[in-house]
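Novice: Protein chains in written order, with our numbering: chain A, 1 to 332; chain B, 1 to 332; chain C, 1 to 332; chain D, 1 to 332; chain E, 1 to 332.
If you are wondering where the hints come from, they were derived from the structure by calculation, not from laboratory data.
Note that CB positions come from ideal geometry on N, CA and C, so glycine has one too.
Don't take each hint at face value.
Unchecked claim - Over the 12 Å line for every Cβ pair with chain D, so calculated as not near, a few chain E residues:
| no. | residue |
| --- | --- |
| 1 | Ala62 |
| 2 | Tyr248 |
| 3 | Pro293 |
As the list claims (entries may be wrong) - Selected chain B positions facing chain C (Cβ under 7 Å, derived; list incomplete):
| no. | residue |
| --- | --- |
| 4 | Ile87 |
| 5 | Thr88 |
| 6 | Asn183 |
| 7 | Leu189 |
| 8 | Asn211 |
| 9 | Gln218 |
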Amino acid sequence: MQSLRRQIDCCIDHYGNGCIGRRHPLIVRPRPHLFELFFIIKGSIVLRIMPLLVFVAGLSAAVVSIYTFKPDWLPKFDGGPFALLGITLSIFLAFRNNACYERWWEARKIWGEFMLTARNLARLSQILDTVDGQVSDARKQLLQHNIAYAYAMLMQLRPSDQLPKIAKLVSPAVMAQFRQSKNPPEVILRAMERILIAALRDGAIQPIQFNLLEELIQKLALTQAACERIQHTPIPFGYTLLLHRTAYTFCFLMPFCFANTLGWATPFVTALAAYTLFGLDALGNELEEPFAPIANALPINALTDIIALELREALGETDIPPLPLPEAFVLM
Amino acid sequence: MQSLRRQIDCCIDHYGNGCIGRRHPLIVRPRPHLFELFFIIKGSIVLRIMPLLVFVAGLSAAVVSIYTFKPDWLPKFDGGPFALLGITLSIFLAFRNNACYERWWEARKIWGEFMLTARNLARLSQILDTVDGQVSDARKQLLQHNIAYAYAMLMQLRPSDQLPKIAKLVSPAVMAQFRQSKNPPEVILRAMERILIAALRDGAIQPIQFNLLEELIQKLALTQAACERIQHTPIPFGYTLLLHRTAYTFCFLMPFCFANTLGWATPFVTALAAYTLFGLDALGNELEEPFAPIANALPINALTDIIALELREALGETDIPPLPLPEAFVLM
Amino acid sequence: MQSLRRQIDCCIDHYGNGCIGRRHPLIVRPRPHLFELFFIIKGSIVLRIMPLLVFVAGLSAAVVSIYTFKPDWLPKFDGGPFALLGITLSIFLAFRNNACYERWWEARKIWGEFMLTARNLARLSQILDTVDGQVSDARKQLLQHNIAYAYAMLMQLRPSDQLPKIAKLVSPAVMAQFRQSKNPPEVILRAMERILIAALRDGAIQPIQFNLLEELIQKLALTQAACERIQHTPIPFGYTLLLHRTAYTFCFLMPFCFANTLGWATPFVTALAAYTLFGLDALGNELEEPFAPIANALPINALTDIIALELREALGETDIPPLPLPEAFVLM
Amino acid sequence: MQSLRRQIDCCIDHYGNGCIGRRHPLIVRPRPHLFELFFIIKGSIVLRIMPLLVFVAGLSAAVVSIYTFKPDWLPKFDGGPFALLGITLSIFLAFRNNACYERWWEARKIWGEFMLTARNLARLSQILDTVDGQVSDARKQLLQHNIAYAYAMLMQLRPSDQLPKIAKLVSPAVMAQFRQSKNPPEVILRAMERILIAALRDGAIQPIQFNLLEELIQKLALTQAACERIQHTPIPFGYTLLLHRTAYTFCFLMPFCFANTLGWATPFVTALAAYTLFGLDALGNELEEPFAPIANALPINALTDIIALELREALGETDIPPLPLPEAFVLM
Amino acid sequence: MQSLRRQIDCCIDHYGNGCIGRRHPLIVRPRPHLFELFFIIKGSIVLRIMPLLVFVAGLSAAVVSIYTFKPDWLPKFDGGPFALLGITLSIFLAFRNNACYERWWEARKIWGEFMLTARNLARLSQILDTVDGQVSDARKQLLQHNIAYAYAMLMQLRPSDQLPKIAKLVSPAVMAQFRQSKNPPEVILRAMERILIAALRDGAIQPIQFNLLEELIQKLALTQAACERIQHTPIPFGYTLLLHRTAYTFCFLMPFCFANTLGWATPFVTALAAYTLFGLDALGNELEEPFAPIANALPINALTDIIALELREALGETDIPPLPLPEAFVLM
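Make a model of the complete structure from these sequences and hints.
Specialist: Right under this line is the structure:
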C-alpha cells in the first residue's frame, strides 16, 4: 500500500501537477488504523447524534438503578419481542440506506456524465476550427457557454453567488435573460443551440455534424433534469417519519428490556445499539441530499472547477490555476 | 443548515422568482426536531391505521387482563414461533416496499424525462425560426401541442377536466378527434408529427433534422406508455392479499404470545409493532399508485404547470404566472 | 378514494369510451376491507395450497395429541434450530420471489414497449401518406402487418388459434411462408421490411427516414426475442427443487418443534406459517410464467386487442369495437 | 395446465414443427408432484453434495452417542451464537447466489440479443437483394459469416471442435487467419465488415444504410465481449473461499450445538441444514459458469443451432433439419 | 470437469496460442477440494486479519479464565442483545459488500466495453484502407493512438511508468502536450479526433461515417470518465467508519456474552465469527478499489496488454508476443 502511494507521487512528478482524478475523492484520508478508528470525528456523524446517545445511556443508567435498588417500581420485561422489533427495524433501515446510497451514487454518475459531455464537446468542436491549431470563434463561445452552464448548475444545486463568473462568459443579452428566466441554466443552453444553428447556416458544419453536437447539448440538459429530480424529490416523507418514530421508540424502550439481563453493562450496550441505528439513519439523511454542503456529499464545487479548468486548457489557455485540493481531508 | 436556507432565499432574490427546482418537492418541510416528530400528522399515515392500532391495543389489554385475573382461561404460548413469523413477514414487507418504491421512483424519472423532452423540443425547434429572435408559426404550434399533451397526460393519470385548457392550444379539428379517440394523447402527438412532416416538405428543415425532432416526439410517446404501465399494472393482487392476511393474523396473535412475558406493557408494545408493520404496509400502498391524488404521491399537477410555464417562456410570452407553491406543506 | 372513482367515471363520459389505460389492470378490484380480506378467493392462491395446509394442520393435531396423551412416544425438540432454518428459508424465498417478480415486471415492460412501438409506427408512417388525410397503400399494409405480428406473438406466447385473424391481414404468399416457417412472427417482419425497401426504391421515403422506420421494426423484433427469453428460460430448475424440498421438510417438522410450547394452538400456527411459505412459493410460480393463462399473469390477450384497436383507429377505421373488459375482476 | 399443453401440441400441428421458442428451456419438465419432488435427481445437485451430507449426519450421530452415553467427554454448548452465525451465513449466501443468478441471467440476455441481431441482419440485409425474391451474393456471404461467427463463439465458450462447420462457411483465406489469430471470432467479423465496405463502394448500399448494418456488426462483437467478461471473471475467489470455509466450519460445529436439545433427531436436522446451505452453494457454483457443459447452464449448443437454422431459412434453403430436442429432460 | 479441461487444452492446440479469453480470470485456480480449502492463502484475506483474530481469541481465553476461576470479577451477560446487534451488523455488512461488489463488476464491465470499442475501431477503420489488404496511414495512426490511450488509462488507474511505451506510439507534439496536460488521456483522444477530421476533409470518409467513428471515440472517453468515477469516489467514508466501529466493538464484546454458555469453546467460536465479519469487511475493502494492485482487483495490466496485442494483430503485425499468463495463480 505504501509503495503504491509512493508510485502515485512519482506519477504526479511525471505529469507536472497531473493525475487529475487523484484529486476529487470526497474525504481524502488513508485507511485509519484500529485505534485511530475510534477517535476520528471528521466525516463521522457521531457529533450530530451525541445528545441522543447521552440521553439513551443516562436513561439506561436510571433504569438499572431502579431495577437494582427499587426492583418493585418497574415491571420486568423479556427481550424477545424487542429483538423482533429490532430486526424489523434493521431490515427497513437497510432498505432506506440502500435507497439513499443509490440516489447519491446516481448523482455522482450524473456529474461524471456531465464532465464527459464537456470533454466530448471540447474534442468534437475541433471540427469548427478551420485553421489548424487555432480556436475558431464559434468553438470558443460554445466552450465558454459550457463553463457558464456548469456554474449555473452549481448555483442551482448548492446556492451561492456564481453570477459574476457567469457574466464574464456569456453575452450581456444572454445574461439579462438568465437573470429573468424561471429556468436560468436553460437560457445558456438555448444560446449554445443558436450558436450551432448559426454555424450550420454559415456552412461551418454539415447537417449530420449538427446532429452530433446537438446530442451533446441534449446531454447537458439531461444533467440538469436529473440533478433537479434528485434534489427536489426526497425519499417520501411518510417513510422517513415512520422509521424515525420507530427507531426513537425502540431506543427508549431498550433499557427496560435489557437492564434485567445486562445489569450495569446496559448503558454501554444500549448506547452502542443507538449509535449503530441512529448513525446509519443520520448517514442516510446525508446521502439523501448529495448536493448539500456537508462532508459526505459530492464535491460538486471541485468538479465544477475541474470542468472549467479542462475546458480552458482545451481552448489553449495557459495560465490555468492548480486543481482544487481538499481542506482538512474534505473536498467540497 | 440554517445558513444554507438563508443562502437559498438570497439566491431567489438574485433570480427574481428563480431557482425553479426549489419548488417541487412533495412534502416541503424542514427536518423536524425530536419531539415534533411524534406529533406530525400530515404526510404520516398514522390516521389511516389508527382504528387498527386501537383494536390491537384493546385486544392486548383484554388478553393481559385474562392472563392476570383468570390465568386458566387461556393457554400460555411461547414467543419463539411468532418471532420466526415476524421476521419472515418483515423480509417480505421489505421486498414489497422496495418494489413499490421503485415504481414510484421510476414514475418520477419518467416525468423528469418528460420535462427534459419538452425543454429539448423548445430549444431544438429554434431551428424552425428563420428570422432571428422571432418565433415561427411551426415552432409555436409544436410547443403549444406539447403543452396540450402535458395536460392530456395529466387528465389521464389524475382524472380531472383539462379539456378547456387543451381546446385553447390545438385546432378544432384535432380537438374533435381528441374527444372521440380511444387514446386521446396520441391524437396530439400525431398532429405534431404532421406539423413536422409539413415543415420537411416545405424545406424548412432538412431530413436529418427531421430525425432529431422525431426522436423527441417518440420520447413524448414513451412518457405516456411508461406512465400507463405503472398506472394500470399494480403489484400482483395475490401478493398484496397474502401479505395483508399474514400481517393481520400476526398482529391479532401477538398479544397471546407476549402478554405472558411483557405483562401490562403488552398493549403498548403490540401497538408499536402494529404501527410499524401496518405503517410500512400503508406506505407501500401509497407509493404503489404514484399518480393518485394523495400526499405521498408525485406532484404531477405542479410538474405539468411547470412544463407549461417553461414552454410559454420559450415562446417569448412575458405574462407568465408564478410557479406553483405547496399548500400546507404539500404540493400536488 | 370514492371521489376519485367518481372523477374517473366523469372523465370516461368526456371521452366517450376513453381513458384507455383504465382498462388493463390485471385483477381489477377496489381495495378490500379488513374482513372481506379473509374471504377473497379470486386472485388468491389459497385454493391451490389448501390440501397442504390441511395436511400440516392434521399432522400438528396428531403430534399434539401424542405429546399430550402419550408423552413418551416422541422425543421433545427445541425450536431454536428450526427458527434458524426458517429464517434461512425466508431469505431464499424472498430472493426467488424477487427474481420471479422482476421477470414478470420485465415482461410487462416489454409489452409496454411493444404498444409504444406500434403507436410510433402508426404516427411516423404518416410520412408515407402523400395526400393529406388519406392513408397510402404502403402505410396501410405496414400497420396491418403490425396487427398481424401482434396476433402472431400472442399465438406463440399463449397458444391459441389466431391464424384466421392473421390470414385476413397479410397476403396469401406471406401466409404460406408463415405456416411453414420455424419462426412465424419473423416472416411478418421480413414482409414489413420488404414494404419499406420498396417504398425506399420508389422514392416514397428518403434513405434517412428508412432508418427511422427500420429502427421501429427492429424494436418489434426485440419484443419477440425478449418474450421468448422469459418464456423459455425459467428460474434454474435445481433452484426451485432445492427450495421446495426444504420448504416441505420444514413444514413437516414444524409440529414436532412447536407442539411442546404451543400446545393446542399448534395446528393453527403451523397452518399459518405453511400458508405464508407456500403462498409465497405458489405466487412465485405464477409470476415466473407471466404469459401463462392464469389470474396473476399479464393480460396479453387484452393488450393485443388494444394494439389492434389503436392501429385500426390510426388507419381511419370507424367501426372499432369497445375495449376489452375484465370478467369476474380478471382481465386475461 | 393440461389443457394448455394440449393447446401447445395443437399449435405445433398448425405450424408444422413450429413454435420454435418452446424448445429451448434448460430442463424441460412438468412441475413435479409433492412426492416425486423428493426423488428427482436430474437437475438436482444432491448427488454432488451427498458425501458431505453423509459426513455431517455421521458426525452428528457420533456426537449424540457421546452426549448420551459419555456425557462428560464433551462440553455442552448453547445454540445461540450458532444461530447468529447461521443467519449471517444465510444473508451472505443469499447475496452470492443473487450475484451468480444475475450473471447467469445476463448471459441469457446476451444470447437473446445475439439471436435478435442475427434475425435483424437476415431481415435488413434484404436491402442487398436487387432482384425480388433472389438472394444476392453479398447477402448470402454475410449470413454465412454470421453462422460461422455463432459456431466460433460456441467454440470459445464451450470448447469443442466446430472448425469443420466454420470452414464450410467462410473463404479459405479467412479460415487461415481464423486459425492463426489470437481472437478468432473477430477475424470473421472483420471479413463481414469488408463485405459491407465492398457493397458500399459498389453502390449496392447507400452510406446511411451502411451505418445500420455496421451497428448490427458491432452488436455481434458486443456479444463476444460480454460473454468473455462473464466467462473469465468469476465472483472474486477470496469471496468464495471465505463463504466456503465458514459454511464448512458451521456444518461441522452444528452437531455439538444441537445434539443437546434435539437428541437423536440431530443427524436428520443437521443433514437437512447442510443440504440447504451446500445445495445453495453448489447451485451458485453452477450458475456462476453459465456456459459450462452442465445441467443448469445455458443451452448454448441448442441456441447456436437455432441461429444457424433460422439464417439458413432466411437464405431460402429448404432442407433444414428439425430443431434440437432435449435429451433426458436436458437441452445442452 | 476433467474432460472439459482436456477439451480446453485441445482447443488451444487448434488455435495456436488461441482461446484468448481463457487467460484473464483474476485468480486462476481449479475449484479446491474440501481440505485444501482450509490451507489456501493466496487470494484469501486471512493473513491481513490474522492479528485481529489472535487478539479476539486471546481476549476470549482471558474472559473464560476469569469466568472459570474468578467468577465474581465479571458480571454475567446474556447473549440476546448481542445476537440482535450481530444480525443488524450482518445486514449492513451485506449491504456494503453488495455496493462494493457492484463497483467492482461495473469496473469490469467498463473494461469489457473498452476492449470492445478498440475492436470496433480496428474493424470499422478498415473503411480508411483504400488499397485492399494494405493498412492506410490514417488507420495505422488511429489504432496506435488507441494503444497509447490504453496505456495512458493504465498509468492513471494503477500508477506506473508507461511513458516510454506511449512515446513510441504518438507524435512528439502530442507527447509534449501529454506531459503538460491536466488530463493526459484526453490529449490522445483529441489527437485521434484531429486524424478523423483530416480524413473527413480529405474526402477519405464521408460525413456519415465520421459519425460512426466519432461515436467510438466518445466511447473511449466514456471509459476514462467511468473509471475515474469509480477510482475517486469510494463508498462514503462515514459509512465505512460506522461499520468498522460497530464491528470492532461487537467482536470485543462477544467473549463476555458467550463465555458463559460456550465455556472453553469460546475462543474458537469468537475467532470464527470475527473471521467471517472481518473477512467480509476486508474483502469489501479490496473490491471497493477495483484498480488497486491487489490480488482480488481487476487484471487491468493484462487487459491493457491484450488490447495492445489485438490492435497490433489488426494492423497486420506478425511478431506479436504471447498473451499474458498468471503468476502464482494471479493475473495482475
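Novice: Beyond 12 Å from chain D, beta-carbon-wise, is Pro293(E)?
Specialist: Non-interface label stands for Pro293(E): nearest chain D Cβ at 15 Å, farther than 12 Å.
Novice: Any CB of chain C closer than 7 Å to the CB of Gln218(B)?
Specialist: Holds, because the Cβ-Cβ distance from Gln218(B) to chain C comes to roughly 5 Å (cut-off 7 Å).
Novice: At 12 Å, judged by beta carbons, does Ala62(E) keep clear of chain D as stated?
Specialist: holds, 18 Å
Novice: Holds or violated: Asn211(B) as interface residue toward chain C, Cβ cutoff 7 Å?
Specialist: holds, 6 Å
Novice: At a threshold of 7 Å, is the proposed contact between Ile87(B) and chain C supported by beta-carbon distances?
Specialist: Ile87(B) check passes; min Cβ-Cβ to chain C is 6 Å, inside 7 Å.
Novice: Closer than 7 Å between Cβ atoms is the bar; does Leu189(B) clear it against chain C? Give me holds or violated.
Specialist: holds, 6 Å
Novice: Would you check whether Thr88(B) satisfies its interface hint, that is, whether its CB is within less than 7 Å of any CB in chain C?
Specialist: holds, 4 Å
Novice: Could you let me know if the closest chain D CB is still more than 12 Å away from the CB of Tyr248(E)?
Specialist: Its Cβ never comes within 12 Å of chain D, the nearest being 16 Å, so this holds.
Novice: Take the shortest C-beta to C-beta distance between Asn183(B) and chain C; is it under 7 Å?
Specialist: Status holds, d = 5 Å.
Hint compliance for this structure: no hint is broken.
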